[in-house]
Structures are given as C-alpha cells and as structure tokens.
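Chains as they are written, first to last, in this note's numbering: chain F, 10 to 210; chain V, 19 to 407.
Misleading hints may appear alongside valid ones.
Residues from chain F that keep clear of chain V, each with C-beta distances beyond 10 angstroms, as calculated [unchecked claim]:
| hint | residue |
| --- | --- |
| 1 | E44 |
| 2 | R111 |
| 3 | G181 |
| 4 | S186 |
| 5 | E208 |
In silico lysine to aspartate or glutamate, EDC-like type, Cα no more than 16 angstroms apart, as pairs [claimed, not checked]:
| hint | chain 1 | residue 1 | chain 2 | residue 2 |
| --- | --- | --- | --- | --- |
| 6 | V | K67 | F | E138 |
| 7 | V | K92 | F | E46 |
| 8 | V | K69 | F | E145 |
Hint data in this document are derived by calculation from the structure and do not stem from the laboratory.
Note that the structure is a prediction, hence the values are computed from the model and not measured.
Cβ coordinates follow ideal geometry from the N, Cα and C atoms, glycine included.
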Amino acid sequence: MNNEQNMPYKSMMDLMKNRKANAIEKNQVKSHSPEFEALFMEHWPRIYRLLRRLVGDPAEAEDLALETFIRLYQHHPSPDHGFNLGGWLHRVATNLGLRSIRSFKRRERYELVAGKGAFEGAAENRPAEVQAQEEERRQARQVLALMNERQARILVLRYSGLAYKDIARALGLSPTSIGPLLLRAEREFEKRFQALTQEET
Amino acid sequence: MKTHLTDGELRAALDGELDASRLGHLGGCATCRARQTQILTQSQRVAQKLKFLAPTAQDPVPVASIPWNRFAQKLLIKKEISMFKRWFAFPIVRVGVIAVLLLTLVLAIPSTRAMAGQLLNLFRVQQVTVIPVDFTGLEQLTDNSPFGNQLSALISSSMDVTQEPGDPQSAADADQASQLAGFAVRAPGGMTPSQIYVTNAAAFTLTIDRNKAQALLDEAGRSDLVLPDAIDGAEISVDIPASVSVAYGTCPKPEADTSKSDHDQIPGRRYPDCVILAEIPSPSVDAPADVDVSQLAQIGLEFTGMSAEEAAEFTNSVDWTSTLVVPIPRNAATYEQVAVDGVTGTLIQRPADEAPQYALIWVKNGIIYTISGLGANSQQAIEMANSLP
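This is chain F alone, in the form it adopts within the complex (with noise of 0.2 angstroms):
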C-alpha cells in the first residue's frame, strides 16, 4: 500500500486514540452515581472473595464479579420494594460462579493456576499434601458443576459462610427449609463426589 492510501488510516488512528481516551474518561463520571459506586466498594471484596474461592483462578474471579455488579446495574433495583441487595448479589455471583466451573477447559485451567497458587503460597507443606489437597478442591467442584443447580448453589452459600436466614433470603426461601435442602445437597454431594473418585480410580 503507497503513502497516500495509508493516509486515513494513519489519521483516524490518531484521531480516535484521542477520542476514546476522552470518551472513557467521560463515561466514568457520567455512567454512575456516586450511590452506585459505594454500593460496588462495600461488597466488592465480599463477592470478589466468594468467586475466588469458588472458581480458583483470580482473574476469572475478578471478571466474573465484575459482571455481578454489571447485572446489579442492569437490573436497576428499587429498595423501596424489599430488594435485598446483599442476597441478590451472592445468589447471581453464585450462580456465575457455577456456570463457569462447569467449562471443563476452564476447571481445566483454573486448577492449574489455583494448585500453582497454593504450591507457592504453602512452601512448609510437602508437595505431596498440596496436590492431595488440590486434587480434593478439583474433584469436589467437578462435583458442584455436576449437581443440580439449586443443590449446588445452596452448598456454596452455606460453606460460603452465609447464615440460614441470608441463604433464605438470597434464594428467596423460608429460613426452616434450609435445614432439609441442605441435608439434601449434602447426601448428593457425597454420593456424587464417591462416585467420581471411584471412576477416576
């Protein structure tokens, strides 16, 4: 291509690397209310930690929350008709979290990056007690992403650290029948899980 057909090519680039320079910077003070955005800093950490521990890999953790609160923003949620914001917000990162693992590539990757983390981060442990501990973590979210989702869902907010009371209140449930859901998920989880190890033994 000659010097002259490279013109508008050469002008635009620079042009719009100005533009959207700008056009960022704009967008981020006229997109969001100052309400929103320290709405995104009180449960940033709390959403961000449950999908790191859920998913494993940092950077689909951090995506994955990011796209929580992009469904908060879409959703536009009134307070003034009961919402329950912090409920809301587990149950969609939950939900994303799960739909996530159960991308086998994915779960492929991310227990090679989560058991690299561990690995570094555990120097006093032997090698051989890391990777049995991984290789639990692995199995047991092949597990999750095999269950039926509200099953799953429930045994993530619980051992999550979520109280009966919000786990009811993020699925939209009586408080008295998280008790027995539980128990439930619990029994097919362990059955599921025996059953994984024994196929892959």
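Dock chain V against chain F, hints included.
Just chain V now, with coordinates in the frame of chain F:
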C-alpha cells in the same frame, strides 16, 4: 404424642439454626440424638471437602478502585456492543443484505467525477478503511424509539426493492457455489467446510425525500446539520451481487432476517470454533451527479457524535471513489492493517476480556473477502487468507 425432629431440623440444629422451641426436644430424646450423630458425621465429611469455599480476611482482594474502573469500561463496551448489534438489526437491514452499508455506498459517489444530469455507475470497492463510531450515542435509532420508527418508515417508503435476495441457498462445494453465485469462489485447500451458503443478488432504489429527512434530523435535536437541497428527489440505485459464505467448525445457520437474532447474545460462547469466509463481488451504485458525497458523509459522521472538525478530517482523508468504509464500535473493537493474500487487509478484533471475535477484510480483483471468527485466534484468519488458491 412425642414428635421427633426431622432430619432437616437435626441438620439445622448442628449449625445452631434450629428454633429454640424445637431444640428442647433434642436434649431429652436419645433417638433424635443418635440420628443427629449420623448426620453430623456425614456433614463433617462434606464440610472437609468444601471448606475451601469459606473466604477469610486474609484472602487477597484487588483494590476496589481498579475493578471499579474496569467496571465502567466493561459497562461502556457492553452498551456499545448491544447498540452495535441493534443498529445492524435495524429494519432497513431486513430490506437489503448489507443495507447498513448503504450509507457508505451512497456517500461513495464522487461529485467531482460525476457528469451532470446522468446516472453514473462509478463505485467499485478497491480498498477498505475502518471508522470507529460511538454507537452508544445512537440509542435513538433503535427500532423501539419514536425516532427509530420514523426513520424506518421513511426508509421503507423511500426504498423500492427491485430484487429480493431471498433465503440463502446451501451449496455442496465451492464449485457449485461458484455456479450459483456467478463468480469463482476461492476456498482454502485441505480444509473441509461445514456449510456453504449462497445469498442471491439483491437490488434496490432509494429516492431521497430531503424535507422528510431534514425533519427527522431536526427532531433528533440535530437541526445544526443541514441536508443539501440538491439531494431532494435523487434516485440512488444499489446492486448487490450474490455472495458466498463458507463456514468451518460449528457455526450458526445464516439468518436472512437479522431481526430474529438475539441482540445481546454473544455467539462466541456458543460457537468458539466457528470461522466463516465470505466472498462478494463489489456492489455497484448509480446516483445523480449533483449528490455531494463528502458533504453527506460529513453530516452522517457528525450525527454519530463526531465533531465537525473530526468529521471533515476523516471525510477529506478517504478516497471515496474506491473505499468501503466499515463502521465499528469505537470502544469495543480495535483494528490494524495486515498483509494478506498479496494485498493489505484490515483486521478488526474485539477485546480479549469480552467474548473474543475478529474479522479480517480485504479486497482483491474486485472481490471483497471477509474471514470472521468467534474465538480469539485471529492468526488463523490471516493464515487462511494467505492459503487461498
């Protein structure tokens, strides 16, 4: 009658979540305590396997200001992609196969080379340039808005489709596709296509009603943009030849009616290995000589939100006689020039942190080629282009 606790209640009691009124029974009932011990054993085994889910205060968390900035950028990209897709699904697209490019094609007629009073047939695509457009500013064009409905009505009443493309036809191989399409289809050797489709030729004539178009601009709050009187009544004829799409991997079936597609669905997640090679001879445009292309181009660009200076700079930098101008979402895509198939092509890509997509476009011997993929591996598009016979 003595009512034993259910297994669910016993499980809740292990977590200290059982109602106090029911808890009293547990202390005096050996049967319930024995069952609870069994439940406890099982719960402990599960807890051992799932304890990694419990976050701790020591878990590292990115400083919130960094993801907050990413959040703002992601939101912008999502909005822009959504608008981009809605724009391409706008009713006018249903009328002509690439009618969104109509504006580009119309704008491509150079008045300087026109002869007064004659219809000309000058436009032939020889090269491609990309223009990033802020689609987030075009929300008023969505088909649900009053403005969008009026624009749609104006175009429908102004457009006379003289040849409908109909539904795409399936072809068994490149030879059959060549026969159906009327030009020699090129396909890379050693690769087996999953689908080959031929879209028949289409043609339409657009008669411009300057006053109605200006009224729409005024209604959109852009009365500062004044359409030239000379375009009133101008008839612009567009002929779009038959095109061929050669798909590799698992790809969506071609949709003649783009309005049926889900605007916000990201196809890359469903078709990660899909690659489509499309080929189409250059469309041709007949238009009156006194249509000032540069002026219309500038108005169109300013309407998207570009400043008058920027629009003028771009308009003046493009050789409108031979350049196909492809709009891309400004914040959601990047582009670069690449050497392919012995010519210079343009590679357009979506950021890797969104569902990745790419499109390679180039022109050779009067045929426009595109290779688009729904994954991140844009290099395979370049390799495929270079392997064409």
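Status of each hint after checking the structure:
1. E44: holds, 14 angstroms
2. R111: holds, 12 angstroms
3. G181: About 18 angstroms separates G181 of chain F from the closest Cβ of chain V, which puts it past 10 angstroms; holds.
4. S186: violated, 8 angstroms
5. E208: holds, 16 angstroms
6. V:K67 - F:E138: holds, 14 angstroms
7. V:K92 - F:E46: holds, 15 angstroms
8. V:K69 - F:E145: holds, 11 angstroms
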